[in-house]
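Engineer: The whole structure should be built from the sequences, with the hints applied where relevant.
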Amino acid sequence: MKRPAIFVVIGLVVLSGCTAATFKGGIEPIYPGVRSVGKTYETTDTLTPTFRWKSDKDGVCTYDFAIWDVGATLPSGMSGSMVMKGPAVYYKEALARPEHTIEIPLGPDSRYFWSARLRCDGKVSEWATYDYHQWVGIAAAEGRNWPFGFKTPKITGKQ
Amino acid sequence: MFRNTSRIRAIHRRPGESRRVAGCCRGPIILLTAILALGGCVSAPTYKDLVPQSIPPATSQRLGGTVDAQSMIIPRYVEGGQALPSGRLTLLLDGFVTNDMLKPALGEAVTKSNLFAGVNQGNADYVLDVWVEKMKNHTPTMGMGEYTADAVSIWRLMRTSDGKVLFCDFVNGHGLITSGMAPLRRSLFAALRNMVENGIAALSDRSTEHFGARSTAGLRKSMGNAVPEGYAEWSATVKQNWPKLRMGLTFTEVEACIGPVKTSGALVKTYSQGYTEEYETSLYTVVFLNGKLSRWEVRGSGQ
Chain A
1 MKRPAIFVVI GLVVLSGCTA ATFKGGIEPI YPGVRSVGKT YETTDTLTPT
51 FRWKSDKDGV CTYDFAIWDV GATLPSGMSG SMVMKGPAVY YKEALARPEH
101 TIEIPLGPDS RYFWSARLRC DGKVSEWATY DYHQWVGIAA AEGRNWPFGF
151 KTPKITGKQ
Chain B
1001 MFRNTSRIRA IHRRPGESRR VAGCCRGPII LLTAILALGG CVSAPTYKDL
1051 VPQSIPPATS QRLGGTVDAQ SMIIPRYVEG GQALPSGRLT LLLDGFVTND
1101 MLKPALGEAV TKSNLFAGVN QGNADYVLDV WVEKMKNHTP TMGMGEYTAD
1151 AVSIWRLMRT SDGKVLFCDF VNGHGLITSG MAPLRRSLFA ALRNMVENGI
1201 AALSDRSTEH FGARSTAGLR KSMGNAVPEG YAEWSATVKQ NWPKLRMGLT
1251 FTEVEACIGP VKTSGALVKT YSQGYTEEYE TSLYTVVFLN GKLSRWEVRG
1301 SGQ
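Order-wise, the sequence lines are chains A and B. Quick note on numbering: this note's numbering labels position 130 of the first sequence as 130, and the sequence is numbered without any gaps. Counting the second sequence from 1 gives a position; this note's numbering is that position plus 1000.
Worth double-checking, as some hints may not be accurate.
Said to hold, decoys possible - List of simulated lysine-lysine pairs, DSS-like, C-alpha gap at most 25 Å:
#, chain 1, residue 1, chain 2, residue 2
1, A, Lys85, A, Lys24
2, B, Lys1262, A, Lys85
3, B, Lys1244, A, Lys92
4, B, Lys1103, B, Lys1134
5, B, Lys1292, A, Lys151
6, A, Lys92, B, Lys1239
7, A, Lys54, A, Lys2
8, B, Lys1292, B, Lys1262
9, A, Lys92, B, Lys1292
10, B, Lys1136, A, Lys85
11, A, Lys85, B, Lys1269
12, A, Lys57, A, Lys154
13, A, Lys92, B, Lys1269
14, A, Lys154, B, Lys1103
15, B, Lys1134, A, Lys85
16, A, Lys123, A, Lys85
Unchecked claim - Part of the chain A face toward chain B, derived, beta carbon under 10 Å:
#, residue
17, Val89
18, Glu103
19, Gly122
Simulated from the structure, these hints should not be mistaken for lab results. Quick caveat, the model's predicted, so the values are computed rather than measured. Yeah, the Cβ is synthetic: ideal placement off N, Cα and C, and Gly gets one too.
Structural biologist: Dropping the structure here:
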């Protein structure tokens, strides 16, 4: 009788720390990557990071790239929350390659979202997002339609 | 907007557990139902709740023409939010009040004031634009005590024929609720009602000029059928010099290209947080990151 429960516990312990992400919009981030356990926002190594992503449409389409401030967090449902995107602080259009180095420094020790979208024959796709499921012990967290979060390092010197 | 749901999932749920829980909770559920039913007894708010009760009718100060009274609530959030023991909760303003309530209330208040010959949508002699710029509230930590709210708005009166701005000033409103149901919502309503009352009073006041908000909203796109004088020149200057903007320009350099930004009179929204500053007009948006221009966007037709 207790055996199934034990298997479930063992399964969850094995899964603990795992994150399953489903990417939407035909783009998958390489750097900065998506969240892993204990890191809601990956920290970049510089204030002018080079963002990289991959897509099977490379060479066929160009890319638009944008960075947003992280906006307000609103309550949603019984135990969830919604994170709003703040204003777009940086935007580049029709990039030929799936990477871009920021031309001006971002603010230090700050959280941002970034994303890219496909621009094919003058039509643009939705900004890429991802859904995630994360297991930590017997707890599970999930998120839907997240852009890719990152955090800048605590440095104020010239980059 | 992205949804993030975190929850603890029960692993050892036994068959029938949920039924037993429901059975033992029947009393509280009945109580909860009764409370919800009583909650329904609180009348739903209408635009009438935003019409001030006391508007002194203007007799000698009448402008002699019809007016198109328009309004817009700009902020999405209530500054301050709801104080909970676990922290402060951000509140969406349209969960409490919308422009669909404010606009008819404004129209009714203007009619009651007798300042104009009549209130007329569309083709009127004057356009009154009212922008609610900010809504703030304060809630007592444990929910007991004074609920206060403040509204900050800009009122602009324009002559339709030539776009001459006759009045452009900040108008504030304050609300205080100490008891009763839904005190937070009622405090926000009280603040808006007081704002409408103060706005009408200011429009009636001819003892002094009211141009305190001209550098903020004197050139803003009107919500009615009028174009403020000077808008065409400003728009032409911006469009002509827009191609000169480059990534990394300082604020001063941007203003040297397209003219004043903060004091253009056309600002609709500003955002300043952390290292980001955003300025939005009906014609363009410029964003500065760390004091350097990082995004700029012009719209095809600003008016």
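Engineer: Does the structure break any of the earlier hints, and which numbers would those be?
Structural biologist: 7, 12, 14, 19
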